[in-house]
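Please construct the entire structure, taking both the sequences and the accompanying hints into account.
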Amino acid sequence: MTAHGRDRATAVAAGLVATYVLFCLVVFAYGEAPRGVVAELFAGTWGSAYGVGQVIFKATPLLFAGVAVDLALRAKLFNIGAEGQIAVASLALGVVGARLPVGIPRVVAWPLLVAVAMIAGGVWAIPSAYLKARRGVHEVLTTVLMNRVADTLLSLSLASGLALAGTTRTPEIVAAAKLPRLDVATSRLAGSSANVSIVIAVVVAFVVAWAFRRTRARELWLVGENPIATAAAKIPVARRIGQAMVLSGAVAGLASTATVLGYKGYFELGLGAGAGFGGLAVAMLGRGSAWGLVLAALFFGTLEQGGLAVNAHVPREVMSVLEGAAIVVVAVVERWSARATQAEAVA
Amino acid sequence: MNGQVVPAFLAATLEMSVPLGLAAIGGALSERAGVPNIALEGILLGSAFAAVAGMVASGSAIGGLVCGALTGATFGLVHAALVLRGRIDAIVSGLALNLVAAGGTRTLLRAFYHSSANSPNVRGFSLVEVAGSSGGHGLLRVLVDPLTWVFVGLAVLVARGLRATRWGLWVRAAGNDPRSAYAAAVPVAGVRLGAVVVGSAITGLGGVALAFSQHQFQAGMSGGRGFIALAAVIVSGWRPERAALACVAFAALEAAGFVLQDRGGALPAAFAVLPYVGTLLVLVLFARGRSFQAPRGLGVLHDE
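The listed protein sequences derive, respectively, from chains A and B. Just so we're aligned, residue -15 is where the first sequence starts under the working numbering, counting upward by one. Just so we're aligned, residue 65 is where the second sequence starts under the working numbering, counting upward by one.
Fair warning: there could be bad hints in the mix.
So, partial list: chain B residues that the calculated Cβ filter (under 7 Å) puts toward chain A [to be verified]:
# : residue
1 : 152
2 : 168
3 : 291
4 : 295
5 : 342
6 : 343
7 : 344
Source of the hints: derived by calculation from the structure; they are not laboratory data. C-beta: ideal position from N, C-alpha, C; glycine also.
Okay, here's the thing in structure tokens:
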């Protein structure tokens, strides 16, 4: 294992331990016995086939968003806009999915809708990409603004005719557009909402990791590492930074396949909300490795589903406090451990 | 009714610009010292809750104000410790603090007040009683609210402090070129710590104003205001007095939407996006200008 890998492993281990300890303390503060509640959390997640399915279901949009945020981070960009990119892509899927001809074959519908999700998410990242690449405006600010614009435009457009009358949801998408649930493969997952979009998510995670190692996508990473050297090597730095942002938006947009195509079969206001911000946490934990991202998404998926399982004992909102704590502990320990490694190397 | 539209509009504008503006002043201070602070959103939320909890517990608005400001300062202390001591990326720290604030306030809301949506009502400051519901009365109420004047006062004070005091010189030096400042015996880490903590306390006052203007805490009530304040900081070129003015402009756009909405019509809903689209347009047009330069040492550590 490389020194860097070791630093990361230490950090992630510390994050897991800290999350566990903190959770126990919170449970204790609520006057319950930690062991019993932890057992219940486990039983509600990894303890049953249904629980596992639900964890996978919760982890799917998180994984898409995590891969998206991580992709941008490789170019040293913080894509806080995954939330809005997902929302816009979800609306696009709902609208386009419902307008496809009824007899359309699946092999046409699925790729088409995947493309729609990517285009919608990518388009929503364009203003931030442009402002960062050509105007030097920090992407954290512009992506957050785009989130707000998405929020407002979504409710406006639903209110002005895209939704069924009197509701905030779009009409049902055509049957061929729906992604099958995983329980078609094994009946043990029956009842859980896990669907095949998890397969797409895992494939995307590995394809992105592979592309950054083996193809010209590497340049997206180089411009983040050292813009001056890459400019000297005749790589168009501004354009690559913009491309990284748009690509990140496109991948984030894919998260809508998990919710609109795989779960509800239509878009409604608030569907999939929070996945974009959750993706930030996933990227922080699993940064730079496909396996890391998959495991991080499953970890946060477990926290989300586990939060529901133990809601009777401690409020599930505690879980986002734990997420925040996990991010901080991982970041701090990684810095410490990296400095210790450096000091060792010097000595 | 017609005659009351203007005062109602002014009242709404002022009321909305106070939390926004205080957050922007606090953010400008922190960032001028070179520490990016995207935790403004979480600070607003956390201190709004603390203000209500403090007022419910102590029965006085001053108690709420102190709780809110202290909560803001605590957030700032944690942020500064993580960034300056723990050496983690300021954006990561800010994101984590926002998460903790969002989840923490909801958790405490349930624990204290057994509700998932809002706290009991509090009165906020009421030095002078103004009864009546017309626009004019509303305007008067905002004008006798001490927090309005705290906002105006701090905008002037922080701007002047940055420009004309030794402390301000140190803050600007720490933000522009931390390494040279350190070499010139400016205690960079201490100055930055101070600026982040004081800035976060000021942002905390914004949270107090937010909670008191709504007379309660609502889950997620900061509603992106922290990020709009951040936008104001950038648009202003990191100058607190201009950032405060930018916030008044944002608030006016939002208030126009509200006032028009009361009168019906389809147009008003579109007003809700104007502050955001407007900010983006301003950035597209002017971001390359000289007056939009970020502090050169923003996010740079002085000792590595």
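Going through the hints against the structure:
1. The beta carbon of residue 152 of chain B comes within 4 Å of a beta carbon in chain A, closer than 7 Å, and the hint placing it at the interface holds.
2. Interface restraint check for residue 168 of chain B: the shortest CB-CB distance to chain A comes to about 5 Å, inside 7 Å, so the restraint holds.
3. Evaluation of the residue 291 of chain B hint against chain A yields a held restraint, the C-beta minimum of about 4 Å falling below 7 Å.
4. With its C-beta approaching chain A no nearer than about 6 Å, residue 295 of chain B sits inside the 7 Å limit, and its interface hint holds.
5. Look at residue 342 of chain B: its Cβ only gets to about 10 Å from chain A, farther than 7 Å, so that hint breaks.
6. Proximity of residue 343 of chain B to chain A holds as hinted, the smallest CB-CB distance being about 6 Å (cut-off 7 Å).
7. Checking residue 344 of chain B against chain A: minimum C-beta separation of about 6 Å stays under 7 Å; hint holds.
Violation of the numbered hints given earlier is confined to hint 5; every other hint is satisfied by the structure.
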